[in-house]
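Use these hints to put chain B onto chain A, whose structure you have.
Number of protein chains: 2
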Amino acid sequence: MADAQPNTMIKNINHIAIAVNDLEAGQRFWHELMGLSLDHVARVADEGVDTAFLDAGGSAVELLYPFEENGVSKFLEKRGPGIHHICFEVDDIEAMLAKLHSAEIPLINETAKVGAGGKKFAFIHPKGTGGVLVELYELPQ
Amino acid sequence: MADAQPNTMIKNINHIAIAVNDLEAGQRFWHELMGLSLDHVARVADEGVDTAFLDAGGSAVELLYPFEENGVSKFLEKRGPGIHHICFEVDDIEAMLAKLHSAEIPLINETAKVGAGGKKFAFIHPKGTGGVLVELYELPQ
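Protein chains in written order, with my numbering: chain A, 8 to 148; chain B, 8 to 148.
Here chain A stands alone, though its shape is the one from the complex (with noise of 0.2 Å):
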C-alpha cells in the first residue's frame, strides 16, 4: 500500500448510481416522494442507458436504465435493482489512476475516457475496493 497522502485527490461524492427497472417509476420515487429535484435526463448512446439525474445537494442520484444488454442490464438480471456505482470526483484523475495502477489495484479503464462537456472518467474494479464499482471523475475547470 501506498504512504498517507493529504486528501486533497478526492473532492466530493459526485454521484450515485442506481440501476433501475423502470425510469419513470425511479423519478417517481426520488422526485415526487423524497422530494429531489430532476436536473437533467440524458440517453448515454455509447453506453447503452437512459439516465436521470436528481440533485441531492453537492451530490447527485443518478438512475440507470439500460436499454440494450451491457454492464448494467446484466447487474439487474443477477442483483436486481439497487445502488449500482459510486461515483467521486478526483482533481487530478491520471494521477489517482496511477497510484492505483502501481498498487495492483484492478482498473476497469487504465486510462480516463473523456464523456460528455470534456469531463475525464474512469472506473476502478470492485475488485480492487471491496466490492464497490467506483466511477471516478474529473470535471472540467
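Treat the hints as calculated values from the structure; they're not laboratory data. Any given hint could be a false lead.
Any copy will do: because identical chains look the same in the list, a pair fits if it lies in one copy or spans two.
[Stated by the list, open to error] For lysine-lysine, the following DSS-like pairs were computed, each having C-alpha atoms within a straight-line distance of at most 30 Å:
no. : residue 1 : residue 2
1   : K85       : K127
2   : K85       : K18
3   : K18       : K127
4   : K134      : K106
5   : K18       : K126
6   : K134      : K81
7   : K85       : K134
8   : K106      : K18
9   : K106      : K126
Same frame as chain A, but now just chain B:
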C-alpha cells in the same frame, strides 16, 4: 404517489456505508490509497458494528464491520462486501416518515430512533425504494 414537493426535505448525502470483512484493510484502501481522511472510528454496541468514518468532502464513507451476527453480517454472507446503504440528511425526519408511510412505502423504523449525540435516524426498506437500503438522519440543530 404524492404530489411533487419542493426540494427541501433531503439536505444532502450524509454518508455511504460499505460493509467490509476487515476494517483495517478497508481503512488502508480508503485512507491510504484513495486519500480520504479518517474522521473517527467507533463501536456501535447496540447495532453490533465497528465503524470508521472517512471524510469525502461534505459527505462521508462509513465502513461497517459486524462483530457479531446481525443484518450486516448476513449481508456479507449473502452478497459479500460492498455498498450496504446510503444515508440522506433530512430537515424533518418525522414528516418524511409520515409521508413515506402514507404512500405505503415499507419502513424498517416507523418512527425515528435516537442515536449518539441526539441524532434521529430511521431506515426505509429496500422493497420500497427500488432495491436501495436508505437511512434517514435528522441531526440536532
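Outcome of the hint check:
1. K85 - K127: Close inside one copy (29 Å), not across copies (34 Å); limit 30 Å.
2. K85 - K18: Neither way: K85 and K18 sit 32 Å apart in one copy and 32 Å across, limit 30 Å.
3. K18 - K127: both (15 Å within a copy, 27 Å between copies)
4. K134 - K106: within (16 Å within a copy, 39 Å between copies)
5. K18 - K126: Close inside one copy (15 Å) and across copies (26 Å); limit 30 Å.
6. K134 - K81: both (17 Å within a copy, 20 Å between copies)
7. K85 - K134: Classified as both: same-chain Cα gap 17 Å, cross-chain 17 Å, threshold 30 Å.
8. K106 - K18: Answer is within: at 16 Å inside a copy they meet the 30 Å cutoff, but 33 Å across does not.
9. K106 - K126: within (20 Å within a copy, 37 Å between copies)
The earlier numbered hint that this structure contradicts is number 2, and it is the only one.
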